[in-house]
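> Chain by chain, the residues:
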Amino acid sequence: MIGDLYADEELERLDRDALRALQLLRLKKTVEAALLTPFYSKRLKGVGITSAEDIRTLDDVRKIPYTTKDDLREAYPYGLLSVDRSEIVRMHASSGTTGTPTVIYHTQKDLDQWTNMTVRSLRATGCTKEDVFQNMMTYGLFTGGIGLHYGAERLGMLVIPASSGNTTRQFNMMKDFQTTTVHATPSYMLHLYSRMEEMGYSLKDFNLKRALIGAEPHSEEVRQKIEELFDIDAYNSYGLSEMNGPSVAFECTQKKGMHLWEDAYLVETIDRSSLEPVEEGEMGELVLTILIRTGTPILRYRTKDLAAIIPEPCSCGRTSRRITRIKGRTDDMLIINGVNVFPSQIEEVIMKMPGIGTNYLIKVRKEGTLDKLTIHTEVGAELFTDNAQDLHNLRRRIVEELSASITIKAAVELHEPGFLPVQQGKAIRVVDERGSVF
Amino acid sequence: MKVKQISVFLENKNGRLSEVTRILSEGEISLRAMTIADTADFGILRIIAEQPDKCLELLKQHNFTARVTEVIGVRLDDKPGALHEVMQIFEDNKVNIEYLYSTLMLSDDKVVIMFKVEDIDHGLDIIMQNGMEAITAF
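Those protein sequence lines, which keep their order, are chains A and B. For the first sequence, numbering that gives the first Met the number 0 gives the first residue as 0, with consecutive numbering after it. For the second sequence, numbering that gives the first Met the number 0 gives the first residue as 0, with consecutive numbering after it.
Because the hints were derived from the structure by calculation, they are not lab data. Bear in mind the structure is a predicted one, so any value in this text is a computation, not a measurement. Take the hints with a grain of salt, since some may be wrong.
[What the hints assert, rightly or not] One-sided excerpt, in silico: chain A residues whose CB lies under 7 Å from chain B: (1) V378; (2) G379; (3) A380; (4) F383; (5) D385; (6) A387; (7) L413; (8) H414; (9) E415; (10) P416; (11) G417.
[Claimed, not checked] Label-pair distances were calculated between CB atoms; the ranges are: (12) A/E73 to B/E25: 56 to 64 Å; (13) B/Q60 to A/E381: 16 to 24 Å; (14) B/T38 to A/S402: 17 to 25 Å; (15) B/G80 to A/S402: 46 to 54 Å; (16) B/Q128 to A/G164: 54 to 62 Å; (17) A/E381 to B/T38: 13 to 21 Å; (18) A/E381 to B/G26: 19 to 27 Å; (19) B/N95 to A/L228: 52 to 60 Å.
[To be verified] Computed far set for chain B versus chain A, every beta-carbon distance over 12 Å: (20) G26; (21) I28; (22) K53; (23) L75; (24) G80; (25) V110; (26) D124; (27) E132; (28) T135.
From the three backbone atoms N, C-alpha and C, an ideal C-beta is built for every residue, glycine too.
For reference, chain B alone in the conformation it holds in the complex:
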C-alpha cells in the first residue's frame, strides 16, 4: 500500500537537477512524479519512479544523498472537489499532511495524488475505512 518515494538532497547549483535526470535516463527509469522543495541554498527532490529500488541504487552510486520515504498515493476521480473530499477526511481524522503533490498522468481517468503524512499507517487506515483507493505501485 505504501509507495516508495526517493528523496534526494540537492545543492542549489547549476546542473544538479539535470545530473539526476541524466542518471535516471541512462538507467531507463520511468518517472511518475517529481517535485522539489526549494530553500535558499538547497533543495529536496522527491521522485516517484516505476523502479524505486533501482532509482535509489543509481543515485547512491553517483554519490547523491538519497533515501526512501514512504508516502501514500491516493487515486481520485478527475473532477472538482475530489481533492477536497480526501483533505476533509484527513482533517476529520487528524491525519497530518507534511506535503502533497500530483503525479504526471491520469490512470484510468483517475488522478493520483501523493501524500506525505506524519503517521502513514494511520493515514492508510483512514483511506481504506473511507472506501478510497491507495495505489501500491505504478
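If we strip away everything but chain A, and leave its shape as in the complex, we get:
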C-alpha cells in the first residue's frame, strides 16, 4: 500500500550512501551559487572557502559559519541573490524583529524543485488526483498557503485556494465541493469544529479524509483530538520561508515523526549554547542548508526550532530521516494563529504611539480554540485628555498598525495606572497564557 505513495520511489528510497553522495553534490552546487552572492562571497572567503572544491566531504559543511535571521536582514534586499534579477520569478518575505524584512527569491527552477517536494509530501500522506484540496492557509507573502498550492495542482488534486478565515465560506465549500483534504493550522481545525454545529453543519455533510496541519508547534494530543473530532487522519508538517516553506519535513501515513527530505535539505542539530552538534537522537536546534535552491542560497541556517533527529529508519521505506515534533523555540518568537510574531514587532508599533512609552503588556491567550492577542496599556497623564474620542483613536491606530505590520487583529485594553505589574530588573512585557497545549 505504501508502495503507491511515492512521488519518486527511486529518490525517496535511495540508500543512505547514495543519498549522502547526492547531498554532497548538491551542497557543492549550493556553495558555488552562494559564492556569487555579495553576502556569502565575503563570509565564505573569510573562512577560506573560495570555490565549491573546498567542500570535499559532507563534514566540510562545518567549515561554513552559521547563518542567522539577522544575517538575512543585513543582506536585505539583494545581498543573498546569486542570479541576475531577471531570472527571479517570485519572492516571499517575512517581517523580522526590527521591521527589516527578510526576502527569499526563487527562480523558476527553484520553484519547480520546491513543488517536487510538496508533491512528495502530499503523496506521502496519501493524497491523489482524486482528492479535493481546500487550502486554508493564508496566501500571500507568507509561504504557508501558496507553498502547497502548486504541489497539489501538479499532483492533480482539485485545489480550492480558500486562504484563511471566513469560517462560513470554508464550511460552504467543504460541503459543496466535498473537500477531502484540508491544510490549516491545528488551532484553526479546532476552531472549525467548535463552530460546525452552530453554523448548521454536521460531519455527514462533508467528505473529509485528512488534514495537513502545520505552522504552529502542537502536541500529539492535539493531533489526536483533531483526528477524533473529524474522524480523519491529521498529518504534521514543518517548514519555514527561509527554507522555501511547507514541505521541509512531512509525516507519512505511519505518523511517527516528519521525514525531513534529505535530498533537498542538509540537517544538523546543535546545542544552542555551545553551538556544537548534539548526538543524533538528542534534542537540539535545527540547522538547515537548502540544497535545491540557487536563487537565494542559504547555508547552515539557525532555525531556532528545537527538535531531535530520529535515527531509526521508518517502516514506510523512505530513507530520509525523520524529525520529532518541534518542541519549542530558542528565542522569544510567538506563533499566533500560525503567524510568526516577534514581541519586538509589536513593541515597535506601540513605541511609535505618543504617551505610551514602555507602559504596556502583551498577552496571548486562547479564546475558544484561536489565539487572541491583547495589548494592555495604562492611561497616564500623557494620554488622558478628557476626550474619550482621543483614546478611541489611539486604540484604533494601534489595532490598524499592528494589523498592517504583523497581519493580526489585536485587542487593545486601556487601564488605570497600577494595572501593570511593577517591573523589577528585566522588564517582562510578554505573557503567553496559552499553556503548553500548543
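Based on these hints, arrange chain B on the given structure of chain A.
Relative to the frame of chain A, chain B by itself:
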C-alpha cells in the same frame, strides 16, 4: 470666569467609582456636579467640586489619572426655554459644544449648566456679550 472641572479616567470595573467618592468624602470635598461619559471598557468621570485643586491633588495621590479641564458654568433661569436660549446663542456664534451637564442644585432660583466648548475664551465672550452670567466658582 472659567470653572475648573476635574476629569478622571476610570476603568469599567466594579468599585472604581465608589473608590473616587470615598476619596473625596474622606477629603471632605463638596461636589457640585458629576457626570460620566461611558464607553464599553472605560469611562471619563467629570467632577465640579468646591475645592477643585484639593480634589485633583487627592485623586492623583491615589494614583488616578486626573486632570483639570476648563469649562463654562452658565447661570440660567429655572424656566422652560432657558437652555434653548443659550444653545441658540452658541449656535449663532459658532461656539462648538463638546458636552454639557447640569449641576446638582439651584442657586438663587437659577440653575447652572456646565458647558465644555471647543474654544472656551470665545464661548465666554459670547456669554458676556449676550448679557448672560457665567459663574467663577461655587
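> Hint by hint, note whether the structure agrees.
Consistency of the hints with the structure:
At a threshold of 7 Å, the smallest CB-CB gap from A/V378 to chain B is about 5 Å, leaving the interface hint in force. Because the beta carbon of A/G379 sits about 6 Å from the nearest beta carbon in chain B, less than 7 Å, this interface hint is met. Checking A/A380 against chain B: minimum C-beta separation of about 6 Å stays under 7 Å; hint holds. Contact between A/F383 and chain B, as hinted, is supported at the beta carbon level, the nearest pair being about 5 Å apart and thus within 7 Å.
Because the closest C-beta pair between A/D385 and chain B is about 4 Å apart, less than 7 Å, the hint holds. A cut of 7 Å between beta carbons decides the hint on A/A387: the least distance to chain B is about 5 Å, and the hint holds. Of the supplied interface hints, the one on A/L413 holds, with its beta-carbon coming within about 5 Å of a beta-carbon of chain B, less than 7 Å. For A/H414, the interface hint holds, the least distance from its beta-carbon to any beta-carbon of chain B being 6 Å, beneath 7 Å.
At about 5 Å, the closest approach between the beta carbon of A/E415 and any beta carbon in chain B falls short of 7 Å, and the interface hint on this residue holds. Among the interface hints, the one on A/P416 holds; its C-beta lies about 5 Å from the nearest C-beta in chain B, closer than the 7 Å criterion. Nearest Cβ of chain B to the Cβ of A/G417: about 5 Å, under the 7 Å cut. The hint holds. The supplied range of 56 to 64 Å is met by A/E73 and B/E25, whose beta-carbon atoms lie about 60 Å from each other.
The hinted range of 16 to 24 Å is satisfied by B/Q60 and A/E381, whose Cβ atoms lie roughly 19 Å apart. Against the hinted window of 17 to 25 Å, the Cβ-Cβ separation of B/T38 and A/S402 comes to about 21 Å, which satisfies the hint. Range check, B/G80 to A/S402: Cβ separation about 50 Å, and the 46 to 54 Å hint holds. For B/Q128 paired with A/G164, a C-beta distance near 59 Å keeps the hint of 54 to 62 Å intact.
Look at A/E381 against B/T38: about 20 Å separates their beta carbons, and that is inside 13 to 21 Å. Between A/E381 and B/G26 the CB atoms are about 25 Å apart, so this pair conforms to the stated range of 19 to 27 Å. The supplied range of 52 to 60 Å is met by B/N95 and A/L228, whose beta-carbon atoms lie about 57 Å from each other. Remark: the non-interface label on B/G26 is consistent with the geometry, its nearest Cβ contact in chain A lying 19 Å away (cut-off 12 Å).
Remark: the non-interface label on B/I28 is consistent with the geometry, its nearest Cβ contact in chain A lying 19 Å away (cut-off 12 Å). The Cβ of B/K53 sits about 18 Å from the closest Cβ of chain A, beyond the 12 Å cut-off, so the non-interface label holds. Annotated as non-interface, B/L75 keeps its C-beta farther than 12 Å from every C-beta of chain A; the closest such distance is 23 Å. The non-interface label for B/G80 is consistent with chain A: the shortest C-beta to C-beta separation is roughly 30 Å, beyond 12 Å.
Every C-beta of chain A lies more than 12 Å from that of B/V110, the closest at about 23 Å, which supports listing it as non-interface. Against the 12 Å criterion, B/D124 stays outside the reach of chain A, whose nearest CB is about 22 Å from its own CB. Every C-beta of chain A lies more than 12 Å from that of B/E132, the closest at about 24 Å, which supports listing it as non-interface. Even its closest Cβ contact with chain A, about 20 Å, leaves B/T135 beyond 12 Å, as expected for a residue assigned away from the interface.
Hint violations for this structure: none, all hints satisfied.
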